[in-house]
Structures are given as C-alpha cells and as structure tokens.
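Starting from the given sequences, assemble the full structure and let the hints guide the process.
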Amino acid sequence: MSSSQASVEVRGVLLPLQEGQLLLPNAAVCEVVSYRAPDTLNATVPDWLLGTFVWRNHALPLIAFERLLGRDAGEVGLRARVAICNTLNGNDQLPYIGILLRSAPHLVRVTEAAIAPVAGDELQHEMVASRVIINGVDAWIPDLDALESALSAYPL
Numbered sequence: 001m002s003s004s005q006a007s008v009e010v011r012g013v014l015l016p017l018q019e020g021q022l023l024l025p026n027a028a029v030c031e032v033v034s035y036r037a038p039d040t041l042n043a044t045v046p047d048w049l050l051g052t053f054v055w056r057n058h059a060l061p062l063i064a065f066e067r068l069l070g071r072d073a074g075e076v077g078l079r080a081r082v083a084i085c086n087t088l089n090g091n092d093q094l095p096y097i098g099i100l101l102r103s104a105p106h107l108v109r110v111t112e113a114a115i116a117p118v119a120g121d122e123l124q125h126e127m128v129a130s131r132v133i134i135n136g137v138d139a140w141i142p143d144l145d146a147l148e149s150a151l152s153a154y155p156l
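In the working numbering, the protein residues as written are 1 to 156.
There's no promise every hint is true.
Okay, the calculated beta carbon distance ranges per label pair [stated by the list, open to error]: (1) Gly136 with Ser103: 13 to 21 angstroms; (2) Gly51 with Asn135: 30 to 38 angstroms; (3) Ser152 with Leu78: 27 to 35 angstroms; (4) Leu107 with Pro155: 34 to 42 angstroms; (5) Gly77 with Glu31: 18 to 26 angstroms; (6) Ala37 with Pro155: 16 to 24 angstroms; (7) Asp145 with Arg71: 19 to 27 angstroms; (8) Glu75 with Glu9: 32 to 40 angstroms; (9) Val137 with Ala43: 30 to 38 angstroms; (10) Gly51 with Ser103: 17 to 25 angstroms.
The set of hints was computed from the structure by calculation and includes no laboratory data. For each residue, glycine too, the CB sits at the ideal point set by N, CA and C.
Have a look at this one:
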C-alpha cells in the first residue's frame, strides 16, 4: 500500500453521557474511575460545575457536560463513572478535569471512513468544537480549551 493510500487512524474514546456522548482522543483521558460524590464548592458556581473530586492527591473540578449544554444530566446511577482528562494548556493549578459519565466509556478507532461531521448542526455552543457521527453514533467533540478557560473563573 502506498503512503497516499494509507489510512490515518486515531484511537478515541466515546464517553457516555445521559443524553449523548463525547468523543475524545484516547490520550486525553488519563483514567476512568468509579463515581463518588464531589466536595461542594463554597462560592457560587454554575450548576454544571458539580464540585471538586480528589484523584491521586489532586482536587479537580467535576463537570456535568450536559448541564453545560443546557440539557438534563439526569440522576447519577449506580454505573456512573468519572473520566479524568488532561487539560491542554499546562496550567499547574488545573492539570486535570473530571467529566461525569453515565457508564463506562468505549474505545473506538477513528478513521476517515468511520467519522463524518453532522450536516446542518443546530447545536452551536462554545464548549463544543464539533458534532460528528462516529461508526453510526452521534457524538460531541468538546472544546477542552474553552472548558478550561470557563473553569478559571471559579475558585476550586
């Protein structure tokens, strides 16, 4: 096979939310852990910022991504997990973000043939970089830079 015919593949992970899924590169997710109730924050924070979650001696913010999009995050079920994600800007104060999941994530192989943008996407939100169909599944690609910026406005 020539290099022009070679397919580029990225290993990704689908993070199941209550009403949808997030798609991230596998390298962006450090670990997935069982959910436990976060510590509440003293300051007034938006409802999508659930509190802080301690992971490996780091207090990191726990996000309900659906609430961030103005959707219902539902009740936290017995299968709930937290995806621990790397931040992108090298901020020592915020090296990780926790995202609340409905259940365990799924690994996916992202290739040109497996992914397509959603045409006429009505969801235009600053925290969503793109909306795609991956292997027949609708998913949001979050804008982790925008999320990290939004979090910097709140004391953790």
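Hints, one by one, checked against the model:
no., hint, verdict
1, Gly136 with Ser103: 13 to 21 angstroms, "holds (19 angstroms)"
2, Gly51 with Asn135: 30 to 38 angstroms, "holds (34 angstroms)"
3, Ser152 with Leu78: 27 to 35 angstroms, "holds (33 angstroms)"
4, Leu107 with Pro155: 34 to 42 angstroms, "holds (35 angstroms)"
5, Gly77 with Glu31: 18 to 26 angstroms, "holds (20 angstroms)"
6, Ala37 with Pro155: 16 to 24 angstroms, "holds (20 angstroms)"
7, Asp145 with Arg71: 19 to 27 angstroms, "holds (21 angstroms)"
8, Glu75 with Glu9: 32 to 40 angstroms, "holds (36 angstroms)"
9, Val137 with Ala43: 30 to 38 angstroms, "holds (37 angstroms)"
10, Gly51 with Ser103: 17 to 25 angstroms, "holds (21 angstroms)"
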